[in-house]
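Engineer: The lines below spell out each chain.
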Amino acid sequence: MSKKYDIAIIGAGVVGASIARRLSRYKLTVALLEKEVDVSFGTSKANSGIIHAGFHDTPGSLKAELCVRGNTEYDRLADELEFPFERRGELVVAFDEEQQQTLYKLYRNGQQNGVRYMELLGRERTLELEPNLNPDVLGSLYAPTAGIIGPYEYCFALVENAVKNGVELLLSFEVAGIHKTNNFFSVESSDGRSIESSFLVNAAGLCADRIAAMCGMNNFKITPRKGEEYLLDKRVGKLVRRVIFPAPKTNSKGILVIPTIDGPVMIGPTADDIDDKEDFSTTKEGLDRVFAFTSHTVPAIRVSDIITSFAGLRPVPSRNDFIIDKTEVSGFINAAGIQSPGLTASPAIAEKICGIILSCGLRMELNPDFNPKRKAKIRTRTLVENRDYDTLGKLIQSDKNYSKLVCRCENVSEAEIIDAIYRGHTTIDSIKYATRACSGRCQGGFCTSRILQLISEHAGIDILKITKKGPGSELILHRIDKGHQ
Amino acid sequence: MKSVDVLVIGAGAAGLAAAVSLKENSIEDVLVVDRQNFAGGILFQCIHSGFGLHRFGEELTGPEYAQRYIDMAECQNVEMLLSSSVVDIVSKDDIKEVIILSQDSGLVKVKVKAIILAMGCRERNRGNINIPGSRPAGIFTAGLAQKLVNIEGYMPGNEFVIVGSGDIGLIMARRLTLEGAKVKAVLEIQPYPGGLDRNIVQCLDDFDIPLYTSHIVTNICGSRRVESVDVSEITDGRLTPKMKISCDTLLLSVGLIPENELSITAGVSLNAATAGPIVSSDYMTNVPGIFACGNVLHVHDLVDYVSDEASACAKAVSMYLANKLPQDKCIPVHSGNMVRYVVPSTVKPQCDAILKLRPVAPMKNVKIKVVSDRGDVLKSKKLIRAIPSEMITVQLNDVPTGCKSITVYFEI
Ligand SMILES: Cc1cc2nc3c(=O)[nH]c(=O)nc-3n(C[C@H](O)[C@H](O)[C@H](O)COP(=O)(O)OP(=O)(O)OC[C@H]3O[C@@H](n4cnc5c(N)ncnc54)[C@H](O)[C@@H]3O)c2cc1C
Ligand SMILES: Cc1cc2nc3c(=O)[nH]c(=O)nc-3n(C[C@H](O)[C@H](O)[C@H](O)COP(=O)(O)OP(=O)(O)OC[C@H]3O[C@@H](n4cnc5c(N)ncnc54)[C@H](O)[C@@H]3O)c2cc1C
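In order, the protein sequences belong to chains A and B. The first sequence begins at 1 in the numbering used here and counts up one residue at a time. The second sequence begins at 1 in the numbering used here and counts up one residue at a time.
If you're looking for bench data, these hints aren't it; they were derived computationally from the structure. Since we're looking at a predicted model, the values are computed, not measured. Possibly wrong hints are sitting among the right ones.
To be verified - Listed next, the in silico DSS-like pairs over lysine-lysine satisfying Cα-Cα at most 25 Å (straight line): (1) Lys23(B) / Lys394(A); (2) Lys394(A) / Lys329(B); (3) Lys2(B) / Lys400(A); (4) Lys111(B) / Lys23(B); (5) Lys277(A) / Lys244(B).
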């Protein structure tokens with residue numbers, strides 16, 4: 001007999017995770033279904049990590065409305081869930097008269113969208129704020145409410161808190177078939193498991209069109225739009241404090257210079273429509289484009305400073321706005337086509353979905369035991385950066401594992417890695433997202449073998465079965481003493 | 001707070017030799033710290049032979065070479081703090097405060113008079129050379145693969161392509177073949193191999209492993225695990241797509257970079273050409289009392305030279321502690337024609353110095369020349385050949401007073 005839930009959410013990216021956490025405030029039974037071995041393994045792990053102010057999107061669109069609303073939620077969320085977040089501000093820079101005109105247009109957009117505290121700045125003030133910009137800059141649009149965030153930590157924290165408040169997370173559950181009988185959806189996974197639910201929320205990112213099609217709806221298509229991003233060595237330091245945008249052209253916000261919450265600067269993304277939803281490759285051509293652009297905006301950026309790169313796919317719907325609504329199949333609700341600024345908008349999307357479910361007549365009673373707090377593990381790295389050795393000393397006294405540094409580039413201790421493992425992150429990539437081990441300049445050259453041992457020891461997984469990011473991505477192929485098997 | 005005269009950071013070949021020499025120079029109060037739970041550094045995973053010919057006149061494996069120094073250090077009662085990482089160095093006048101995270105002793109603060117940086121180096125990785133493509137499992141640096149195979153007994157793959165023909169790549173090609181793997185190709189971006197001749201012969205030729213010079217990987221394919229790589233040839237600076245090689249593992253052996261984290265924290269300035277600290281002929285960095293030797297200073301091909309350098313460095317430290325280091329103004333040393341880098345960055349008048357350098361490209365029948373700004377030839381040495389993988393040393397005796405700079409170059 002398969003288990004019954006009030007609501008099942010398909011997809012544990014920031015959108016599904018936000019919805020799950022929001023629903024966990026109520027006395028409801030909720031299942032969060034994710035096809036990958038961990039959450040945040042889709043578009044939510046490969047983006048720019050910006051909480052946008054909201055002046056880019058066309059006034060009147062859902063994107064504009066939910067972006068601006070979502071933005072206002074982050075101080076509270078970061079406080080409750082302890083993920084890294086800082087309001088650094090966004091700066092759109094202009095280098096010629098035409099671009100200056102674009103700034104005015106964006107400013108008016110922003111005003112209509114309800115973005116607060118925007119300012120148009122002249123050359124001097126712009127350079128005062130960001131001295132590493134190309135001095136040819138003419139002026140800028142400044143939006144101080146924008147922020148930067150650790151996107152996967154945010155998603156991990158949302159899910160952790162949702163699970164703590166009763167949501168059931170089903171990983172490696174790839175929805176392969178959906179049947180509606182009377183008032184129930186019966187949802188089957190590709191490995192033969194199944195669950196039932198009264199409501200079904202489609203937050204399947206790039207695959208949301210396939211999920212809708214499983215319920216007989218073919219009214220939208222999702223096209224992947226690839227964005228390549230490049231991360232620079234922390235040696236080049238804090239080149240910029242705010243997110244730097246060019247004056248945008250069509251279909252994207254252009255190529256940005258992005259301070260990341262962990263220190264190093266990132267450059268990108270590109271925006272190219274492609275066919276293959278599995279194509280996460282970066283290209284030489286993409287690199288050249290990103291680099292040519294950013295080396296003009298911030299001339300100090302050099303190709304040799306790049307330590308790693310990645311590509312993310314924006315789920316672009318055939319109608320160019322978020323698809324958030326109930327459908328002709330009663331109980332089936334879409335949170336689909338959540339392209340940029342989906343990360344920013346996610347709290348507002350969750351709120352909207354809750355409203356829709358309520359309007360469909362589900363009794364939603366507040367759960368008096370709801371605990372909004374999630375505690376993050378203290379990081380050795382932060383204490384070392386702040387030279388707070390008293391706290392670190394005490395921490396080591398309480399947990400010896402804090403003295404064992406595993407990742408030397410980012411000063412990640414064994415205590416943090418073990419903590420991540422017990423929070424359910426047991427692939428090399430998840431450990432990286434949860435702790436930053438392997439994400440520094442050596443990219444895992446020194447610490448991978450120790451992390452393998454720790455996962456094996458604490459999660460009880462045979463070394464040969466430990467993966468980078470799920471089945472098929474095992475790191476070790478066989479033991480030497482046993483030979484080929 | 002604990003205090004010591006000299007703190008040596010790193011117990012690899014450099015740190016061990018430095019500690020032993022400090023004792024030989026009657027510096028008693030020495031502490032060696034290493035983040036690993038064993039001394040020996042990178043040597044421990046280098047189980048091939050080829051170490052110690054210069055230093056001991058016999059061919060040892062890496063662990064054997066390390067053991068000799070571990071024994072000497074024990075003999076000299078060198079104090080060692082293992083499983084302990086140095087995370088911070090703060091200089092206040094002549095005293096430095098060092099923060100160590102130690103498995104057995106917790107957070108330790110130590111006051112020291114002098115520091116020897118001997119942290120070794122790390123490997124360059126995929127991001128550093130920007131190989132485009134997907135990001136599957138099965139991409140390893142050669143050193144990580146070496147550790148997995150030699151120390152932990154795990155095979156990271158069955159069919160390999162190796163990028164880079166430096167010594168580590170070559171040695172791994174042989175090692176993996178001996179373990180039953182298939183090494184399909186070694187690719188080298190330069191028109192000549194990067195490793196020592198003996199390694200080309202003993203590691204590739206003897207096992208029929210093809211070496212493609214002037215070739216690079218232009219794309220990595222496979223979404224979960226590496227499935228193949230696309231390879232192009234470089235001719236006259238242009239890329240011509242050559243072949244697709246199917247493989248489950250890509251090994252990167254694309255160079256080493258000195259481990260600079262701590263050096264930067266301590267305020268040490270770096271040399272763009274070596275990527276290690278800028279030092280004078282006394283091995284002292286721009287921060288008085290902080291010295292550097294071994295791979296953290298510049299990447300060495302032979303461990304014997306690391307040991308020599310560390311001894312020389314220790315000697316300078318003992319003079320520093322006795323206030324006997326020459327105080328003269330430093331004379332900058334420039335890299336001239338065909339010279340990739342020279343260590344040290346400065347020398348001192350009326351002192352001796354050992355210059356270590358590497359050429360930009362392989363050359364035959366050349367003259368290495370050291371001249372002063374006034375045109376005096378301080379040294380001239382004929383070489384039958386000079387190749388980037390073999391470090392060249394030039395001994396300078398009694399650097400003349402009055403010269404403002406010296407330049408080292410190859411006369412072709
Ligand atoms: C390069 C790039 C940069 C971006 N930068 C920003 C930014 O700075 N700020 C911002 O606000 N937004 C940004 N975005 C947009 C933002 O990342 C997305 O809007 C957001 O992550 C979408 O979240 P999601 O949960 O809808 O999708 P996803 O994270 O893709 O989640 C969908 C989940 O559904 C799962 N799934 C799919 N099919 C099934 C199935 N059959 N069964 C079970 N599970 C399934 C997937 O595995 C996945 O985990 C950027 C996007 C890209 C690509
Ligand atoms: C694969 C390979 C093959 C080689 N083959 C040969 C050969 O055949 N013949 C030959 O002569 N030479 C060979 N070499 C070169 C030689 O082994 C090295 O040059 C030499 O061992 C480097 O010594 P080191 O002490 O400078 O660095 P390492 O041996 O790397 O030692 C540095 C030590 O510092 C420690 N450390 C770093 N940071 C900290 C910190 N913050 N706190 C505490 N401890 C720290 C590290 O844990 C490490 O133990 C080879 C090198 C490699 C990598």
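Engineer: Taking the hints in turn, state whether each one holds.
Structural biologist: Now for the hints, and whether the structure bears them out:
1. This hinted pair does not check out: Lys23(B) and Lys394(A) have alpha carbons roughly 35 Å apart, beyond 25 Å.
2. At roughly 46 Å between alpha-carbon atoms, Lys394(A) and Lys329(B) are farther apart than 25 Å, so this suggested pair is violated.
3. With a C-alpha separation of about 20 Å, the suggested pair Lys2(B) and Lys400(A) falls inside the 25 Å cut-off, and the hint holds.
4. Between the alpha carbons of Lys111(B) and Lys23(B) the distance comes to roughly 19 Å, so the proposed pair stays at or under 25 Å and holds.
5. Note on Lys277(A) and Lys244(B): the hinted pairing holds, with a Cα-Cα distance of about 23 Å set against a maximum of 25 Å.
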